[in-house]
Each structure stands twice: as C-alpha cells, then as structure tokens.
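J.: The chain contents come next:
Protein chains: 2
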Amino acid sequence: MPENTAKDVNYSDSPDRVTRTLVLNSGNPESKRQELLDYFQQTFDQYETLFETLACEEAWYEKAIPLRHPLIFYFGHTAAFFINKLVTAKLIVERVDPDIEAIVAIGVDEMSWDDLDDSHYQWPSVDAMKDYRRKVRALVSDFIETMPLDIPITWESQAWIIMMGIEHERIHLETSSVLIRQLPLSYVKVHPYWEPCRETGDAPENRLVAIPGRHMRLGKAYDDALYGWDNEYGCYEVEVPAFSASEYLVSNAEYKQFMDAGGYDNERWWTDEGWAWATFSETRHPEFWVLEGGSYRYRTMLEEIAMPWNWPVDVNCHEAQAFCQWKSEVTGRQIQLPSEAEWYCLREAIDTDQPRWDKAPGNINLEYWASACPVDEFRTGELCDVIGNVWQWTTTPIDGFDGFRVHPCYDDFSTPTFDGRHNLIKGGCWISTGNYAIRDSRYAFRRHFFQHAGFRYVESTAVENTSANPYETDALVAQYLAFHYGETFFDVPNYPVACAQICRDVSQESPRTRALDLGCSVGRTSFELARWFQHVDGIDFSARFISAAAELQQRGKIRYFVPTEGELGDYCVADLAELGLDDIDVNRIRFTQGDACNLKPIYDNYDLVFAGNLIDRLNHPAQFLGMIHERIRPGGLLVLTSPYTWLEDYTPRDKWLGGIRENGEVLDTYTGLHRLLGTHFEEVQPPADVPFVIRETARKFQHTLAQCTVWRRKV
Amino acid sequence: MPENTAKDVNYSDSPDRVTRTLVLNSGNPESKRQELLDYFQQTFDQYETLFETLACEEAWYEKAIPLRHPLIFYFGHTAAFFINKLVTAKLIVERVDPDIEAIVAIGVDEMSWDDLDDSHYQWPSVDAMKDYRRKVRALVSDFIETMPLDIPITWESQAWIIMMGIEHERIHLETSSVLIRQLPLSYVKVHPYWEPCRETGDAPENRLVAIPGRHMRLGKAYDDALYGWDNEYGCYEVEVPAFSASEYLVSNAEYKQFMDAGGYDNERWWTDEGWAWATFSETRHPEFWVLEGGSYRYRTMLEEIAMPWNWPVDVNCHEAQAFCQWKSEVTGRQIQLPSEAEWYCLREAIDTDQPRWDKAPGNINLEYWASACPVDEFRTGELCDVIGNVWQWTTTPIDGFDGFRVHPCYDDFSTPTFDGRHNLIKGGCWISTGNYAIRDSRYAFRRHFFQHAGFRYVESTAVENTSANPYETDALVAQYLAFHYGETFFDVPNYPVACAQICRDVSQESPRTRALDLGCSVGRTSFELARWFQHVDGIDFSARFISAAAELQQRGKIRYFVPTEGELGDYCVADLAELGLDDIDVNRIRFTQGDACNLKPIYDNYDLVFAGNLIDRLNHPAQFLGMIHERIRPGGLLVLTSPYTWLEDYTPRDKWLGGIRENGEVLDTYTGLHRLLGTHFEEVQPPADVPFVIRETARKFQHTLAQCTVWRRKV
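Here the protein sequences come in this chain order: P and A.
Note that the working numbering has the first sequence beginning at 1459, numbered continuously upward.
Note that the working numbering has the second sequence beginning at 1459, numbered continuously upward.
In short, the hints are calculated from the structure, not lab data.
Some hints could be false.
Remember, identical chains collapse to one label, so a pair may be satisfied in a single copy or spanning two.
[What the hints assert, rightly or not] Simulated crosslink set (BS3-like; lysine-lysine; CA at most 27 Å straight-line):
#: 1; residue 1: K2172; residue 2: K1548
#: 2; residue 1: K1593; residue 2: K2172
#: 3; residue 1: K1714; residue 2: K2113
#: 4; residue 1: K1678; residue 2: K1817
#: 5; residue 1: K1647; residue 2: K2015
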C-alpha cells in the first residue's frame, strides 16, 4: 500500500474526502439522524467541490459529449432530484423552484451512440443554480431533522427517500467526473482536492491465475444493512466452474499490444455491434489517450500527462471484448471478459465492505487519488485491483434477480436497462463512493459507453445469456401475460388454470398421452396440462403470443409491463417457479405458431384437444369444428370454452355459429355447436360457465363468463 | 239475426267451420289434449280448404300484390312454422324438410308501400307442399299426443308452442283470404265452404250515438284463460271522456259520399303520409271496388258482385282518416277514428267472448258467411257491428302495455311494430277466428295496408300519442340505458344510484336548491338527485343520450334493445314507476345538450355539481376543472367520479390530468386533481372506490372501479 495518500492531506474548508454509506439496521434513531444529516451535507459539499474544477463559463454550458447535457444541468439535477422524489412520495407539497426542477429533471443519458439530442434548453445561470442548491440544502436538512425516523430504515421509510437522493448524487459525482475528464483541457483547472496519482512506470507482465469453481449466490435481502437500488435485491444462484483470471487489470501497455497488432483495423476481433461503433466513431485508440506528435499522452480528469503505461486502460466494453478476442487468437486460449458471477468469485477474497473497512483495500472511495494508479499497487492474495482503480467490464447484461421489484418512487431506475444491451461493470473505480463502492452495487451501461472503466480478462468457457430479456411492452401480449400468470381480481380464479383443471377432471379415466392446446395464447393452460399429459402441443395463430410462451418455457420467466393509469404501469414477472410450475417437465410442451383452421398433419391422435376462447376468433369456425375430430383419437375429448362474442372483425357474419336468426328463428351458439359436432361427438356433461377477468388498467377490467362444453369423439 | 247461416249448412268431408280457441286454465289434461288435437286438426283442415278456392297453377305462384309472397309460400309457411318453433324450443331435434322449412320461413310482410321484393325463389310444387303438410300434420299430432301436458297451459308449457302454431295459422287463414281476394278472378273459383252473404240493399243512414266516459283498464294477466300474443299482456289504465260513435260501420254508400265530394282529389283531408300513399299508388277508389263501365262493382273473396251499398267499405287507415277529416269539415264536428280505449268502451256492451258464446254476436269466426254483410245485420244495444263484419281501424299505434315482455320463442312477433307506424285494428271480421276473434286480440298493420278492414267514426277530442316509441337500437345509448336502468351484475349496486346517494350523503347539512349532473348520459343520477334537490340540470355532450333521458322524463318509460349474443338481444324497458321514481317530480329536472368545457352562463349558483365518469372523456379536463368553481356557490360541493381511463381518443396526451410522467416523475390523476382544484376547493373526505358494471353481451361485461372524490368550494 502507498504510504502517502490523499486521506492524509488536510484541505482547510474542504469536505472530508472519505465518506461511508449509512448502516441502516443498527444504532439509535437520533444518532442515525445526525449521521444521515452529515452524510447528506458531505455529499452536497463534495459534489460542489467537483464543480470547482471548471475553469470558465463555457465549461458549465458546453456539452462534453453530444449525448449528454452540459454540466450546469448535472449541477442542478442532483439537488432537484431530492425535491422531485419528496414531491412524488407526497412528503412535501411545495416545490422550491418549479422551473428549475422541470428543466433539470431528465438526463439525456445513455442513448444509442448514433442518436442526436436536438433539444434546446434555456439553462439558468451558475449563480442561480448555486442559490437553488442552497435552498434545497436547507429544505432537505430541515426535512432530515424533523422527519420520523425508526431503525431499521426500510424501503418504506421517509429516510429512504433521502438516502435515494444522496446515493443518486454520489452516482453523479462519478459520472460528472467522467464528463469533466472529457472536456477540453482549457475548460478545467487543477484543484488540490482532486489531486491525481503521480506514480507511473513500466507495466508488470500479466498472467492468468487459477480460480477454483464454486457455488455462488448473488443478490441481497430486502432487509440488508446497506442502501441499495432495486436491481441489487433478490436472489440468483449459479455454479461457477473453475476459471483463470488475469492477475492485473489490463494496463495501457498491455492494451497497446492489441493496438499494435492492428486492433482497430481487424473486424474479426470485434462483435458486429462493436465494429459498427468503432467504424462509426472512427475510434483509433482509447478515449483518454491523446495522440500528440506520433506518441500517446494520457488525460486524467484535469490534466494531460505522459502515458502511465502501468495504469489500467480506460475502454468501453466493445474495445475490451475485441482485446479478448485478439488475446484468444494469439494465445490459443478462450480469453474473455468475466461474468458477473466470476467477478464475485474474485471478490470473495475481500472480507470487508466500504462502511466497515478502516482503509480501502483498493484505489476506491476517493481514499487515495483523484485518478487511477498503477495496476500492481493494490494486491489481494494473487490478484491486484479486485476492487477499485477502474471499473471492470463483464460479459453479463444486467437483469433483475429472482424477486426483483421496483421501488415505487423510482420505478424506472433499472427497468429500462433490462434489455440485453446494458452490461454490468463491477468493482468500482477511484471515485466510486457510497453505494458505488460496496460489494453489492450493480451498475450497467451501454457497451459503447465510457466510464472510468477498463477490464480484467479471464480464461473461461462460461457463456453468458446475452439475448435481450426486456419487459414485454406489446400491450396485448403483456395484457395476456397478466391474464395467464398475474394477479386475480374480484375473487375470480385464474382462467387458464381453471380450464386446465376441467381438462384434468374430464380425462381422469382416459389415457393422457397427447394433448393439444389450440389458441394457447401465452401458454398457461399448456403448462398446466403438462402436469398430467406426457406431451402437450400449444398452438396459436399469433407469433407474438407464441414467442412469449416459448420464452417462458426456455427461461422459466418473462417480464411484462401492464398499464395502471394512462402511460403509467406495473413491472411484473411471470415466473414458473413462483407459480408452482417448476416441478413440471417443460420439455413435454411444444409451442408452435399455427392456424387452427389449417393444422399440419403431425397434429393428430390427441387424447384431448382444448380450444379456449378460440371459436369466436376464427374466420371460419365451422370449418374448424368440422375437421377437429380427425385430430382426436376415438374416445378422445374436445373441450371448448368461449363467451360467444361474435364480431365481424374476426368472423364474417355468415360464418357465426350462433347469435343469429336463421330463417327468422333464434339460433344460439350452443345449439349451433350441437349441430356441427353431433355427427362425430357426443356431449359429455352439461355446459358450465367459467368466469374470467382481464385487467386493462388498475381500475378497468373485462369480466366475462365463458361457456365450457365437453365432447367425446364417438368410437 | 239472419235465419239461414252457413253454420246450418253441412258440407260432407268439410271441416267444421266454427272453431273455438282453447280455454287454457280449466278441464283435465287428457280431455284438453284431445281438444288441442282437434283444434290443431280443424285448423290444418280449414286452412287447406281455403286453398281449394285456387283455380289454377298460376294462382299458387303469382303474387297477389308485389310486396307479399305467392300463396304457395303461405300454404307451406304455417306448417313449417310448427317445426321451426319446435326446433327453436328444443322440443324436437330432427327437421321434416330443411329445404322447405328454410324457404317458407320468412314472410315478406308489411313493408313500406314503395319497397320492392326482388328476391327470386324456387318454390316447391303444390304436391310437394301438400306432402310436406301431411308429414307435419303427422308429426305435430304425434307430438300433441305424447307431450307432457298440465293444466293450466302457460307460456312455459310445451302445449303453448302448439297453440302458437295453431293461432299463427289462424292469422294466415285470414291474411291468405285477403291475398286470394286480391287475385285475378280467373285464378279463383267459388267453393261451397266459402259462400258469401247474398243479402244487399240500401245503406241505413248513419248517426252518432253518445257513449258515456269511463275508466278503462286494458291488457290481460299472464294467467289469462285464453292464448295471447305477447302484446296483449300487461296493463294500461286510461280515463276515456264521453264521446259519440257512429251507429254503423261506414258503408260503401256512406264512403261514396266522400268520393263524390272529391275525396281522392283533395290533399287537405289527408295526412301527409296518407297523401303520399294515395298519389304514389294512384288510388281512386277502395281496393275491392271494381270500376266497370262507369259504375262500381264489388269484389268478394271469390266473386265480383253488384255493389252492396249497405255492406261496410274496406279501406286502409289513410282512407278512413281522410274520410273522417272530410266528415269533420262537412259537419263542423271533430270526427275521427276511435282510439283503442274508445273501441273497448263499445266492446263493453258484449259480455261474452269467442270460446264461450253459443252464437257469435257479429259476423265473425266464420259463423255466418265468407264475406261481409249489411252494416245493420248485427246489433248490440244502440250500435251495430261492435265486433265482426270488417275490422275497425283505430288512431292508436300499437305499443306494449306496462309489463310487456316478449315470448322467448317468438321475440319478434310484436317488437318490430312498436314504431308508431302500425295502427291497431279492432273487432275482427267475418273470417277472424281463434285469437283473432277474441276481445283481447291486438293486431296492428301499417296504415297503407289492406285487410278486410273498414271503420267506425267517432266524435271525440281524444288525441292519441302517435309519435314513434320504438326500441332504442343505437347500441351505445341502449348500453347506457341498461347501465342506468337495467339489471345489476356480480352483486355490484347500480352505479348512477350509488353516485346520487354519495351526493345525498355529502350534502346532508347543506341547502339543496340546485344541482347539476354534468355528463349525465341517459339521466339516472339526475332522476335520483331530484329526490332531494329542488332543481336538477342534466347536461350531456351527446344529443343522443340527452334525447333518451328526455324521452324517459316525458313518457315515464323508454324501450331499448341490448345484445346478448351476436345479433340477438333482449327487449327491455326502463320504467320510472318500476324503478321507484314515480314519486319524484320529474319537472324538477331539465335535460339539455351542452359542453362541460363551455357551459352557458345560466348554469350557475349550484349547491352541488356531480361530474360522473366525465373528466377522462373531456378534451381539456384542466380547463373544465379550472372554471367549475364559478358555477358553484361558496360552500357548495363538487363530486367527481372517474376510473381515470385516459385515452388519446378523447383527451390529447398533453392534457391528461395524471397517469403520466412529469419531468420523469410519476403523476397520478388524484394528485393532478389536487393540483388543479386546490386553489378554490378543499377535499371533504378521503377518496373512495365506487364499482360499476356495464354489460356488453350476455356474457361480457366491463367491470370498473371509479374513484370518487368530494370537494367543497372555499368560502
């Protein structure tokens, strides 16, 4: 460990550089209130100190990069966030400055690299924003001093909203430092509080260190001692096979080998997405390298310095992955980025966490420098920089753990990033503080995005599921996912389950080899039928619905968004395990897109065919009913449910099975069914009503009574 | 009474000419079964005998008048009717001949006089149809012999379906006789069974006879002894003031005076509708008068005879009304057709009815001749032809009595005629048998239509409400009528009533001078508010909805048709009396079309404004909420209910009060309401959920939870 660290320097009138996120579940309320007040003030102070590095007016108002707001926005944003969340949580009524709070509410973060932000803003003056921050500081301090406070502090506590505001500002302390690092040098000035490391030298030779495999359990409990964002909670268990990890983070020197090998010229080492970015952006070297007279210098936050070859390289995920691909080629080994779980295997070597350590076991939490440092400065066992220095890209797209739920006051913190396009970074960097600096923090960025982030590589055969797993937002599919897998209402039992139970009851005395769920929608009845039938075919005309059913079958869960009021909604998950469907063999089910009126020949010899809410959605229901006996073995069953909602949108009027006058006489659908099915079937039991409820919004529902009829194919 | 009547003639092999409709509530089941079988056989026989008057093939296949089918249709139709109804009632499964039953199912009856029926039909041969009738006769006879039969026979009895078939055939016995009377003479032949009256002479001079006024109660009970069609049941009470009635039906001679006065040339005696018919049809004399060599002869059913001047004239309602208008002009008295109630005043003079009389007290029930007879042949007290001879047109458009409901096996017998365009005929004619011949029978035809019908005139000031009162078939209006006035479902209380009760509860301590029901739809809450508020304004943007509310206010009831399955539906009535709203003063309510966002100045100074399910249907709800305090007295109340179903169809997204993200933060509508109303109102009580259910079909419902908020205008 270095002897002389920033921690030892005392700047008068400067906020303490080292902070600790709050321990929420111990201590007495009044001392905790003081701790919270101190943490808030320190955070506000430290954030303002960062902006003291701006050298001129332009530095506040010009964008560091096109896709983000200028720094004046971020200066106000973290303060307004407190007010916006306190209003949302209905803890305060009056705003401090509605205009400022509106203009600095929404960041232009993180979009696609080829988007352009063409919005025009009228930014307030720096003095106005400073004044605004003063008012907010007073209001929040007062709020902290007077709010009710119990231990533990939980999601429901008023103090949670304050912690949310503080930890949000700690995020922006870091992301603003990245923007400042991206400003022209002329816009920034050195500052004693933000003193970088001065130690540079040759990079050590990297090597792979063997890491034993182990069972990992990720995710924290909702009563964890430390503040967390929604995505940190829940549970994910995984077996991690043995792998090897590079001893050091990849240094500028090691990365230079990749460049010298033509790293930016060889498409074969890049992913398609990475190559598209590299060519679009015309990138030739890492973001914070500066080409000057044929050689590279290095940009710290506030200075350009000679290239520190033994410091970690800052790259985005695409560059890191291309490096690994090159490294695989030259070593003949499978070199890649670690998964999130593999990183946690490394993290096991450190047995402490930010609020509890005396001194950080890495270049993190601003405990040493306002920059990276040599990659061999902080060692834990055989590895260096397990945490800190720069973030470490992983191969893992962020996703919620089992049990994930959003916080009601910040429901869009994580959910938009569960799209397969945001990879996790782990370990924190030199300016990671608060929640950013703890073991359980989980942040993810688009793969083209720059933070103070680099990477460690591993030799591993682990393959991360990188396909997208976003919230299903197709409104109709989401509505049906909720209908099949979600809450029930008005004491009406789950309809697909009730239908499956009818199929079970009527088939009790029969073989249960093959069942067909025709018009299976998003598949719940098929899953339920697989409890009793050896093989279940689920067929729906809609590829969108079948995709959802198949995703659930493959992944065991699917997420969806259902509207509650206007454009607002709930983030939900259908989880086979939570639904008691984890004990069935999902391989018994085959979901396929298909047309009930034109079934392929392979769909035959069924013991039972269930057609739920199907017949009144067919173009030619009589044709379907006229041929379905061919698909059922003699003695097999046909179970129909329908509310007989005949609509010309689906079925031409002359094809309605009932609900019409025929030669002047009333013909109801039940009678029409008898007429069509009588030749090949006999009705097994009296028709019965089966109710169902489909939620449209939090307050509006379709409440329907289907009629269920059961038919046995004549022998 | 005449000495020598057809009754005394005995034709061998001919069915008894005199029949009696069944008494349903006395006798023992087995003798009743035999009576029913006899009545069925007689009816079938007599009907077939009528067709023996057709002289040639063309007579069966050429249309007597363009708007009706040829007689071959009617020959099969009454038989097929039995089968169609037995199948509809699910009392038999197998049809006798599906092709015939389809082709003779629907008559082309009774359309507008300028319609044309261009359908092409492939009619069966007469022999095929006779064979078909034989099979039906055997099936129905067998059915009668084996069906369950209890006394009394009710709407639910299987025997009711048989009575329906018999009485239906008796209707067609008469209407077919009219068609035969309209055939060319060469197509028909005289027949001993169908012997006309031969007695003619000079017409007696008509005069007016004073009839005392009385309280009349029309309509029969559902347990009445005689078969009836749906429109005969229920109750209608009316005070009939004293009036005078012509002693005789208007004879051919008396009608000739009108013609000689230029009856068919003077538009001023005709209604607009009547004149349009007369000019379109180029009518110059009554339908069954034949102009030959400058003088008139007269067409009976099967012959042309010298004009029987003392027989009643056959005319349609337009001609009868024109005659009365002329008569008024020449007498200076208010001469008009009788109303239905006035006819019943005359009918009081006869104390018997068809099943119970020994001998008909009029030329009716085929008890005398197969034609009309002199207008002075049958006297009852001071009047002749109170019943029989020819039907008597009335001024009364047919309508259901209070308590009207359709028979489930024949729901379109009457309902299509409740349109203000079908006038009742009363009293029956020479060939009226069965239900046609009883006191309570009620048949109505379009005013241009010909039956064996003429008229008696009265001097009366009675004015019949002739405006249309059909079933509301505007689907959305009907759906809301059912929502406001119809059945409840899922144990959810009536919503407009629940809302009114909330208004009552919150206004208990306040004056209740003026209330405003804004977005009143079809008005239920307005009616309910009138229980407690001295004046209620009901305003809706939709003129269709307001019209329905106003009709209910004016008439005390309104009919509507709501779908059950496909195009089938229920015929319903909203009746203020049945809803317990007959004790409120409906004059307290003023229904007006208007725009909640642009209210006229007169709508002000309210003690209470109720806006139910309104705000999320406004184009600019904030504008409405920003001004509504101006219409409420200080201290007055604003009651809002809404499910907050924001849709861009109604409200542009930037005008939604909530259900949005505002500067990234969730804004729900309840919060939005507080923001808008906070200046002028204080919230009186916590928000509450009020559920409602709107039926879409028999099986499909919208089930919604509105939120109710109550606000008091600051003083």
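J.: Take the hints in turn and mark each one as holding or not.
T.: How the hints compare with the structure:
Proximity of K2172 and K1548 under a CA criterion of 27 Å is satisfied inter-copy only: 23 Å between copies versus 66 Å inside one chain copy. Within a single copy, K1593 and K2172 get their C-alpha atoms no closer than 82 Å, and across copies no closer than 31 Å, so neither meets the 27 Å cut-off. In this homomeric assembly, K1714 and K2113 never come within 27 Å of each other (Cα to Cα): the closest approach is 72 Å inside a single copy and 56 Å across copies. Taking CA atoms no more than 27 Å apart as the test, K1678 paired with K1817 passes inside one copy only; the shortest distance there is 24 Å, against 99 Å between copies.
For a Cα distance limit of 27 Å, the shortest separation of K1647 from K2015 qualifies neither inside one copy, at 51 Å, nor across copies, at 85 Å.
This entry does not satisfy hints 2, 3 and 5, going by the numbered hints stated previously.
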